[in-house]
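Peer 1: First to last, the sequence lines map onto chains A and B. Quick note, the first sequence lines up with residues 1 to 630 if you use the working numbering. Quick note, the second sequence lines up with residues 1 to 84 if you use the working numbering.
Hints in this document: simulated from the structure, not taken from any laboratory. In this text, all values refer to a predicted model and were calculated from it rather than measured experimentally. From the three backbone atoms N, C-alpha and C, an ideal C-beta is built for every residue, glycine too. One thing to keep in mind: the hints can contain errors.
[What the hints assert, rightly or not] Think about it this way: if two alpha-carbon atoms lie no more than 25 Å apart in a straight line, the pair counts; the simulated DSS-like pairs of lysine-lysine are: (1) A/LYS143 / A/LYS167; (2) A/LYS358 / B/LYS72; (3) A/LYS601 / A/LYS358; (4) A/LYS218 / B/LYS72; (5) B/LYS21 / A/LYS218.
[Stated by the list, open to error] Calculated from the model, a selection of chain B residues having no Cβ within reach of chain A, i.e. all distances over 10 Å: (6) ALA14; (7) THR16; (8) ASN18; (9) GLN19; (10) LYS21; (11) ARG29.
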Amino acid sequence: MSSATEFPSTIALVGNPNAGKTTLFNALTGSNQHVGNYSGVTVEVKSGETFTPHGRKLRVLDLPGCYSLRANSPDEKVALDALHGLLPGESIPDLIVCVVDASNLERHLQLTLQVIELGLPCVLALNMVDVAEGAGLRLDPAKLSEELGIPVVPMQANAKRGIVELKQALRFPRPVASEATWLADAADPESGRRAFITRLCELAARRPNAHQQTLSDKIDSILLHPICGWISMAVIFFTVFWAIFSFAQIPMGWIGSGKDLLADWVGNQMSEGDLRSLLVDGVIGGVGSVVTFIPQIVLLFLFIGLLESSGYMARAAYLMDGVMARAGLSGKSFLPLFSSFACAIPGVMATRTIDSAKDRLVTIFIAPWMSCSARLPVYFLIVPLLLHDKEGTWKQALVLFSIYALGTLTAFVVARILRSRLGEDITPGHFLLELPPYRMPQWSYIFRHVLDRALSFVKKAGTVILGLSILLWALSTYPKKPGSDKADALAYSAMGRIGSVIEPVVKPLGFDGKMGTAILTSFAAREIFVSSMAILYRVEESDNEEQTRNVLRDRLINAKWPDGRPIFTTLSLISLLLFFMYAMQCLATTAVVTRESGSWKWAAGQFVFMSGFAYALSLIVFQTGRLLGF
Amino acid sequence: MPHANAADLKIDSAMTLNQVKVGCDVQIRILSGPGCDRLRDMGFCEELQLRKLTSGRNMICSICGTRLAISKELAEQVLVSPVK
Chain A
1 MSSATEFPST IALVGNPNAG KTTLFNALTG SNQHVGNYSG VTVEVKSGET FTPHGRKLRV
61 LDLPGCYSLR ANSPDEKVAL DALHGLLPGE SIPDLIVCVV DASNLERHLQ LTLQVIELGL
121 PCVLALNMVD VAEGAGLRLD PAKLSEELGI PVVPMQANAK RGIVELKQAL RFPRPVASEA
181 TWLADAADPE SGRRAFITRL CELAARRPNA HQQTLSDKID SILLHPICGW ISMAVIFFTV
241 FWAIFSFAQI PMGWIGSGKD LLADWVGNQM SEGDLRSLLV DGVIGGVGSV VTFIPQIVLL
301 FLFIGLLESS GYMARAAYLM DGVMARAGLS GKSFLPLFSS FACAIPGVMA TRTIDSAKDR
361 LVTIFIAPWM SCSARLPVYF LIVPLLLHDK EGTWKQALVL FSIYALGTLT AFVVARILRS
421 RLGEDITPGH FLLELPPYRM PQWSYIFRHV LDRALSFVKK AGTVILGLSI LLWALSTYPK
481 KPGSDKADAL AYSAMGRIGS VIEPVVKPLG FDGKMGTAIL TSFAAREIFV SSMAILYRVE
541 ESDNEEQTRN VLRDRLINAK WPDGRPIFTT LSLISLLLFF MYAMQCLATT AVVTRESGSW
601 KWAAGQFVFM SGFAYALSLI VFQTGRLLGF
Chain B
1 MPHANAADLK IDSAMTLNQV KVGCDVQIRI LSGPGCDRLR DMGFCEELQL RKLTSGRNMI
61 CSICGTRLAI SKELAEQVLV SPVK
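Using the sequences provided together with the hints, build the complete structure.
Peer 2: So this is what it looks like as structure tokens:
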């Protein structure tokens, strides 16, 4: 009992994907953490704290889902390392909680037996007993416990049933490690385990003989149908895009007017001077124009959460396997790539579930070409300008859809070329995927996840973007030229000078020095482009009566080259769109790629290739367009 | 790990998962090939019964109430026999 007074004991949650580990982790710790009904949502070891019924603190580790302890994928390697105490800063866990799906014991117990074989003390959390009973299984937890030699706790983690009983099992004195009796007479561990599980399931989890047609089977007969399946998928994903781009307009309008009101109020409270200019133009203008895009980001994460949590994402991966094969990848690359439409960072991290190392590297390489949500502010600025539209229309949705499609298509072509150059794997990893049953989305977790994302975006807006906004404001204000008008003052400022230096580089793409400067600042993070442009173009126009989100667009329309030609022609806007579609402009992604690919060369190669490709394509399109007389 | 040879089975009853008709219930007899370990981890274990739900490039099977999508290449490594 002496260890009771020392630092908290560590409990590790182990189990197959979809066994409900993360749901149990949340129920135990109350932590904000993502739950997805698709293999491989937990890609890192999360930790939290919980208390036994006696009030003793316990550290809980949520390990990535794995099917065995053979360490086939990087995910399983992490889980195995955690159990052996090889993770940096972690020792061997004091107790393992094996989370199994009670309706699927034949499959899930394989891992439990392997954990018991490691000689670690273990508790079996028999999760989803409601599902098992619904399927007609007759469970006998007492018999299971007797045969396995470990405590067995029947529970339903999503309804928080059985949590107290589980905590009772985690208190002192802890269960001791059980003996792996099945290995005693077996020819090899594999057949020993199998025979034991077959006997155990006969005894303690009898299954009705007839194969039942479940609701999931009926839904699948439509959603995985060779024709209806594709139509449903197209409808689902087009609806997602359409909803993001139309529903978001309303709250965006509110945020825009709120920003205007705040800017007016601050402007009226203060006297004319540098400080007022800093607050109104630099801080409120710069940060505000980025914050306006929160509704879209929230909606995108909401839909991805819904698709994952309901179980549809695995079906999409199944359907997409044939398409991905054309890019030389497998259906497993679909989830990382689709997540990259929200943000390349979770996308790149989700590639850990891909077994083939080469597939994984290629997926990481092309992930940033899926148009992420940080590009949305830029697209929302440029697309209406391109179509000469004021508000979100179906035409804009179509153009945006095409942008997404074109980016994806290019990524697939590059993936195919790259994949074939890397060569075949030593052991070909063919497609094998679990299709989880359809479930009602767990709203509370989805909302928590969305809130988490939105807050992290706000945090970014409050730190990086705020800092850069102030820096940009200072660069475009100082050094001051006394007695000159605003346009001259800007040309005289540090920003104007940087712009004129880099103008020769970006002019062949159809951009002026200011756009060049804004692009330069957006290499830290793409969304900064909008606030940079807002700050850079503030002097071009004195009319502030327009709707906030239209002000910048109006200014851009009126922006002219020194010889009077408009800067933002259709051709230069297309060139700008192409540049943003393809350039690698996100420091955070580059950092994550370095970590995940285990090589800074891969990240550097990706940066140079993507940005070079973007520059070359914009150059070719703009120059060809000009030659053709556009 | 030593594997039994396919020849050990009665030839008339053994077939690969690819040869099974959609909707049929079969019992897994032997796994043979490089994908064995992965198949076992995912639930394709000897003795278990499965029902083939769809065919095609990747087929869907139901094992113990779980649907698993499996490629043709892997299905070739799963030898099954009709349920007795």
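Peer 1: Against this structure, judge whether each hint is valid.
Peer 2: Here is how each hint holds up against the structure:
A distance of roughly 21 Å separates the Cα atoms of A/LYS143 and A/LYS167; the hinted pair therefore holds under the 25 Å criterion. Note on A/LYS358 and B/LYS72: the hinted pairing holds, with a Cα-Cα distance of about 21 Å set against a maximum of 25 Å. With a CA separation close to 15 Å, the supplied pair A/LYS601 and A/LYS358 stays within the 25 Å bound. For a cut-off of 25 Å, the pair hint linking A/LYS218 to B/LYS72 stands: about 24 Å separates their Cα positions.
For a cut-off of 25 Å, the pair hint linking B/LYS21 to A/LYS218 stands: about 19 Å separates their Cα positions. Its beta-carbon lying about 19 Å from the closest one in chain A, B/ALA14 satisfies the requirement of being farther than 10 Å from that chain. Chain A leaves B/THR16 outside its interface by the beta-carbon criterion, the shortest separation being 14 Å against a cut-off of 10 Å. No beta-carbon of chain A is positioned within 10 Å of the beta-carbon of B/ASN18; the least distance is around 13 Å.
The claim that B/GLN19 is not at the interface with chain A holds, since no C-beta of that chain comes within 10 Å of its own (minimum 18 Å). No Cβ of chain A comes within 10 Å of the Cβ of B/LYS21; the nearest lies about 15 Å off, and the non-interface call holds. Every C-beta of chain A lies more than 10 Å from that of B/ARG29, the closest at about 13 Å, which supports listing it as non-interface.
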